[in-house]
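Trainee: For reference, the chains in residue letters:
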Amino acid sequence: MKVTFPHMGNLYIPLRTFFENLGAEVVVPPLSSKRTLEIGCKYSPEFACLPLKVTLGNFIEALEMGADTIVMAGGVGPCRFGYYAEVQREILKDLGYDFDMIVLEPPQGHFWDLIKKFKYITNKKSFKEIYLAGKLAWKKIILLDRLEKMVNRIRAVELEKGKTDKAYKKALNLISNARDEQELAFARQQIEKEISSIKKAKERNLLKVGLVGEIYTLLEPFVNFNIEKQLGELGVLVERSIYISQWVRENLLPSFMKSKEPEVLAKLAEPYIPCFVGGHGRESVAQIVSYAKQGFDGVIHLLPLTCMPEIVAKSVLPMVSKIHSIPVMTLVLDEHSAETGLRTRLEAFIDLIRERKEEEEFGVLSWD
Amino acid sequence: MRIGVPRALFYYMYYPFWKIFFEALGHEVILSSPTNKKILKDGLEFAVDDACLPVKVFHGHIVDLLDRVDVLFIPRIISIEPGEFICPKFLGLPDMVKSSIPDLPPIIDSNLSVYKNRKDLIGHAKSIGTDLGHSSRLILKAYTIASTKFNSYKKFQISHEQLPLDSGQKSFFDSNSSYFSRHKNKCLGENTLNVLLLGHPYNIYDNYISMNLITKLQKNGIKVITPEIIPVKNISAGAKNLKKRLFWTMGKNIIGSTYYYMDCGKALDGIIHLASFGCGPDSIVGELLERKLSRNRLVPFLRINIDEHSGEEGFNTRLEAFIDVIEGRRRN
Ligand code: SF4
Ligand code: SF4
Numbered sequence: 001m002k003v004t005f006p007h008m009g010n011l012y013i014p015l016r017t018f019f020e021n022l023g024a025e026v027v028v029p030p031l032s033s034k035r036t037l038e039i040g041c042k043y044s045p046e047f048a049c050l051p052l053k054v055t056l057g058n059f060i061e062a063l064e065m066g067a068d069t070i071v072m073a074g075g076v077g078p079c080r081f082g083y084y085a086e087v088q089r090e091i092l093k094d095l096g097y098d099f100d101m102i103v104l105e106p107p108q109g110h111f112w113d114l115i116k117k118f119k120y121i122t123n124k125k126s127f128k129e130i131y132l133a134g135k136l137a138w139k140k141i142i143l144l145d146r147l148e149k150m151v152n153r154i155r156a157v158e159l160e161k162g163k164t165d166k167a168y169k170k171a172l173n174l175i176s177n178a179r180d181e182q183e184l185a186f187a188r189q190q191i192e193k194e195i196s197s198i199k200k201a202k203e204r205n206l207l208k209v210g211l212v213g214e215i216y217t218l219l220e221p222f223v224n225f226n227i228e229k230q231l232g233e234l235g236v237l238v239e240r241s242i243y244i245s246q247w248v249r250e251n252l253l254p255s256f257m258k259s260k261e262p263e264v265l266a267k268l269a270e271p272y273i274p275c276f277v278g279g280h281g282r283e284s285v286a287q288i289v290s291y292a293k294q295g296f297d298g299v300i301h302l303l304p305l306t307c308m309p310e311i312v313a314k315s316v317l318p319m320v321s322k323i324h325s326i327p328v329m330t331l332v333l334d335e336h337s338a339e340t341g342l343r344t345r346l347e348a349f350i351d352l353i354r355e356r357k358e359e360e361e362f363g364v365l366s367w368d
Numbered sequence: 369m370r371i372g373v374p375r376a377l378f379y380y381m382y383y384p385f386w387k388i389f390f391e392a393l394g395h396e397v398i399l400s401s402p403t404n405k406k407i408l409k410d411g412l413e414f415a416v417d418d419a420c421l422p423v424k425v426f427h428g429h430i431v432d433l434l435d436r437v438d439v440l441f442i443p444r445i446i447s448i449e450p451g452e453f454i455c456p457k458f459l460g461l462p463d464m465v466k467s468s469i470p471d472l473p474p475i476i477d478s479n480l481s482v483y484k485n486r487k488d489l490i491g492h493a494k495s496i497g498t499d500l501g502h503s504s505r506l507i508l509k510a511y512t513i514a515s516t517k518f519n520s521y522k523k524f525q526i527s528h529e530q531l532p533l534d535s536g537q538k539s540f541f542d543s544n545s546s547y548f549s550r551h552k553n554k555c556l557g558e559n560t561l562n563v564l565l566l567g568h569p570y571n572i573y574d575n576y577i578s579m580n581l582i583t584k585l586q587k588n589g590i591k592v593i594t595p596e597i598i599p600v601k602n603i604s605a606g607a608k609n610l611k612k613r614l615f616w617t618m619g620k621n622i623i624g625s626t627y628y629y630m631d632c633g634k635a636l637d638g639i640i641h642l643a644s645f646g647c648g649p650d651s652i653v654g655e656l657l658e659r660k661l662s663r664n665r666l667v668p669f670l671r672i673n674i675d676e677h678s679g680e681e682g683f684n685t686r687l688e689a690f691i692d693v694i695e696g697r698r699r700n
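Protein chains in written order, with the working numbering: chain V, 1 to 368; chain X, 369 to 700.
Wrong hints could be hidden among the right ones.
Simulated crosslink set (DSSO-like; lysine-lysine; CA at most 27 angstroms straight-line) [to be verified]: (1) K466/X to K523/X; (2) K139/V to K163/V; (3) K484/X to K494/X; (4) K523/X to K93/V; (5) K608/X to K117/V; (6) K612/X to K116/V; (7) K135/V to K163/V; (8) K117/V to K149/V; (9) K322/V to K608/X; (10) K611/X to K117/V; (11) K611/X to K42/V; (12) K509/X to K466/X; (13) K200/V to K170/V; (14) K494/X to K267/V; (15) K484/X to K538/X; (16) K612/X to K117/V; (17) K591/X to K522/X; (18) K42/V to K660/X; (19) K612/X to K42/V; (20) K267/V to K149/V; (21) K135/V to K260/V; (22) K612/X to K124/V; (23) K267/V to K466/X; (24) K163/V to K193/V; (25) K125/V to K139/V; (26) K124/V to K611/X.
These are computed hints drawn from the structure, not numbers from a lab.
Keep in mind that this is a model prediction, so the values were computed, not measured.
Start from the sequences and build out the full structure, keeping to the hints where you can.
Mentor: Here it is in C-alpha cells:
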C-alpha cells in the first residue's frame, strides 16, 4: 500500500512522519506547483472552490508516482469541504485511476472509527503504536507552528536579506528528518539557536499586519503566492490567524481535546455574525476585531473565489473595519490570480497603512 | 403590524407556513413584488460583490419592501431537515443584509433549525412570536393552525403535483389555495413528455430569474416534475445511493430525485439542471449529477448556469434544441 494525501502548507511533514512510523509506504505529492494547478483545474468542476482543484492536482501527481491509497479528510457541512473527497473520487475514477480512498470523517464522538481507519491503512498496528506515531506527529505540528511564528516575526527586520528564509528551510528539514522525540527536541534547540542568531535591524515604526480568512488559502503558500514572505520582504511584521495545529484539532482530534479558545474568540464577532456560518467565516471577523484591539495596523482577508463562509464574512467587513477603525483588504484568489497583480495590491495597501500610521503619530504634533 | 416577506430564497419553501402563522397572530403579510428588473438592479447594487445571484436578488427584494412595512422578516435558516444544512449563506443571511443595506426597519431574524429534531420548528415560531410581543398561548395556537395547514398543503402539493409557481402578482400559495381546499384531482395527460427539472426552488420558480422556464416547457406540452412534488420517501430512497450522505437539503433533493427516477426506470424524457453561477453547493452537486448521468447516458441532460448577464435569446435557443432532442427520441 502506498499512501498519499493532499498538500496544505507544511502539513505533509507530520503526516509523512505519522504514516511512515506506522510502517506505511508514503508518496508525498510534489509540492503544489503550476502544473498541479493546471491538471487540477482541467478535471475539476469549473465553479468548485480552489482548494478542491489544487488538491485534486496533488492526487493526480501522487497517483502518477505510484500511490494507490489516498487519505483525505471529510466533514459534515455546511461547507463544500465535507464533500470534496466524494467528488474527487468520482473524478479520479472516471479518469481511470485504480486506487483506494480513505476519508477521515471528523470524529464527532466516533474517535474509534478514526483509529479503525488508521489500523486499516497501517496494516493493523496496535492502538499504542498509533498513539505513539500520532504523538510524534503532533509534536512536529506544534514545533512547525512555533517555527512559522518566529520566522514571520524576524523576516521583517532581518539585516541580511534572505537569512531568515535560509534558516527556515533548514529548520523544515530538521523537523522533517527527526525520527523520534529526542531528535526532535534536539532539532528544536538547533532551530531556536539559529533563528535567534539572525541579526535584526532596529525598527521603530514596524508595521503589523494580520492575515485572516479561509484556512487553505492561508496555509498554502502556493495559492497565496507566499504572501507572508512577500509582506516580510516589504518590512511588515505578519501574524497569521490559523495554524496547522488548529486544523488538526478541528478535523481530526476528538472533541475533548479541542481548545476552548475559538469559542471565546468567536464572541468578538457577535455584533456582526452571531452564529456559525461554516468554515471560518465567523472566525475571520472575530480575528479582525482581535487584531484591531491588539493595535495592528491592518488586516488582509484571503478567500478563494465563491467561498461561501468567507463571502458572508466579506459582506460585514466594511462595518467591522469602520467601527474598529482598522484597514482591511480582501484578496479573492482563483486559478487566474497573478503574482504581479497581488504584489501591486499588497504594496498599495502597505503604503496606505504606513501613511495612516505616520499621520496618527505625527498628526498630534502638527499645529498648522 | 405590516410584516414584509421577501419573495425570494426560502419563500418558495415556507411561505404558506409563515403567512398563516403571521395572520393567525393578527398581522398583515406584505409580499415583495415578483422579481423584476429594478429588484435585480438593486440587488446587484447593494449585495456584496462575490455573492451568488439568488442572494443578490434577495437583497433587491428587501429594498423593494423598505417603505411599505413595519418589520422585515429575514429568518436565519440553519437547517430544515435533521442532520442537514441549506448553505453557509443562508446561515449568514440576516448579517449580510444588515451590513449591506442602510436604513432598515426592525428585523425579525429568528433561527430556523431542525438540525437536531424535526419538532424544533415550534422553537422557530416561538421566537418569532416573542419578538412580536405575543403571549405564548396565542403563539402556540397560531403555530398549531399554521403547521397543520402547512403540512397538509405540502401533502397536497405532492399529491396534486402543484408546483409553487407564482402567477402574476399572486403568490403560488394564494392561487393554489382555493384549489387546495377543494381537493380536486388534477388530470395528467398520458402522452406528455416528462422532464425532471432540478435546481434550487428560488431559481426554478422565480419566473424572472428562470426566464419562465417552467411555463416555456409546459407550453410545449411537457410535464414538469420537480423535487417539490416528488414524495419525500422517494427522494430519500434515491439519495441512499450516495456513498456519503449529502448534507445540503436542496442538493440531496436534486440528487435523490435523479437517482430515484434513474433507478426505478420511470419514463423520463429529459433532465434539466438550472444552476446558479457561483453557487457553492451547485458546483458539487452538478458535478456528481453530470458524472452519474454521463455514465448511464440514458436520458438527455441539459445544464443551464444562470447569472445576471444571462441573455434570454441564447437561453431559448438551447432550450428549443433540447426540446427537439427529447421530442425526436420519443418519436423513435
Ligand atoms: S471554506 Fe470556502 S474554500 Fe473551503 S470548502 Fe468552503 S467554500 Fe470551499
Ligand atoms: S445554495 Fe447556492 S444559490 Fe443558494 S444561497 Fe447558497 S450559494 Fe447561493
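Trainee: For each hint, tell me whether it holds in the structure or not.
Mentor: Now the hints, each set against the structure:
1. Taking the CA atoms of K466/X and K523/X, the gap is near 35 angstroms; set against the 27 angstroms cutoff, the hint is violated.
2. Annotation: proposed proximity of K139/V to K163/V holds, straight-line Cα distance about 26 angstroms (limit 27 angstroms).
3. A C-alpha spacing of about 17 angstroms is found between K484/X and K494/X, which places the hinted pair at or below 27 angstroms, so the restraint holds.
4. Straight-line distance between C-alpha atoms of K523/X and K93/V comes to about 40 angstroms, which puts the hinted pair past the 27 angstroms bound.
5. Distance check on the hinted pair: K608/X and K117/V sit about 23 angstroms apart at the alpha-carbon level, within 27 angstroms; holds.
6. For the suggested pair K612/X and K116/V, the alpha carbons sit about 18 angstroms apart, so the restraint of at most 27 angstroms is met.
7. A hinted pair counts as satisfied when its Cα atoms are at most 27 angstroms apart, and K135/V with K163/V does not qualify at roughly 31 angstroms.
8. Between K117/V and K149/V the CA atoms are separated by roughly 33 angstroms; this puts the pair beyond 27 angstroms, and the hint is violated.
9. Distance restraint check for K322/V and K608/X: the Cα-Cα separation of roughly 48 angstroms exceeds the 27 angstroms cut-off, and the hinted pair is therefore not satisfied.
10. Pair hint K611/X plus K117/V holds up; C-alpha atoms about 16 angstroms apart against a cutoff of 27 angstroms.
11. Taken as a hint, the K611/X and K42/V pair is honoured in the structure, with Cα atoms around 25 angstroms apart against an allowance of 27 angstroms.
12. For a cut-off of 27 angstroms, the pair hint linking K509/X to K466/X is broken: about 31 angstroms separates their Cα positions.
13. Our distance criterion of 27 angstroms between C-alpha atoms is met by K200/V and K170/V, whose separation comes to about 19 angstroms.
14. Between K494/X and K267/V the CA atoms are separated by roughly 25 angstroms; this keeps the pair inside 27 angstroms, and the hint holds.
15. Proximity of K484/X to K538/X is assessed by CA-CA distance (about 35 angstroms); at most 27 angstroms being required, the pair is judged violated.
16. About 16 angstroms separates the Cα atoms of K612/X and K117/V, which keeps this hinted pair within 27 angstroms; it holds.
17. Restraint check for K591/X and K522/X: the C-alpha separation of about 20 angstroms stays at or below 27 angstroms, so the hint holds.
18. A C-alpha spacing of about 19 angstroms is found between K42/V and K660/X, which places the hinted pair at or below 27 angstroms, so the restraint holds.
19. Only pairs whose Cα atoms come within 27 angstroms are accepted, and K612/X paired with K42/V is accepted, the gap being roughly 25 angstroms.
20. Taken as a hint, the K267/V and K149/V pair is honoured in the structure, with Cα atoms around 25 angstroms apart against an allowance of 27 angstroms.
21. Distance restraint check for K135/V and K260/V: the Cα-Cα separation of roughly 21 angstroms lies within the 27 angstroms cut-off, and the hinted pair is therefore satisfied.
22. Distance check on the hinted pair: K612/X and K124/V sit about 25 angstroms apart at the alpha-carbon level, within 27 angstroms; holds.
23. Only pairs whose Cα atoms come within 27 angstroms are accepted, and K267/V paired with K466/X is accepted, the gap being roughly 18 angstroms.
24. A hinted pair counts as satisfied when its Cα atoms are at most 27 angstroms apart, and K163/V with K193/V qualifies at roughly 14 angstroms.
25. Pair hint K125/V plus K139/V holds up; C-alpha atoms about 21 angstroms apart against a cutoff of 27 angstroms.
26. With a C-alpha separation of about 24 angstroms, the suggested pairing of K124/V with K611/X holds against the 27 angstroms cut-off.
The structure fails hints 1, 4, 7, 8, 9, 12, 15 (numbered hints given earlier, in ascending order).
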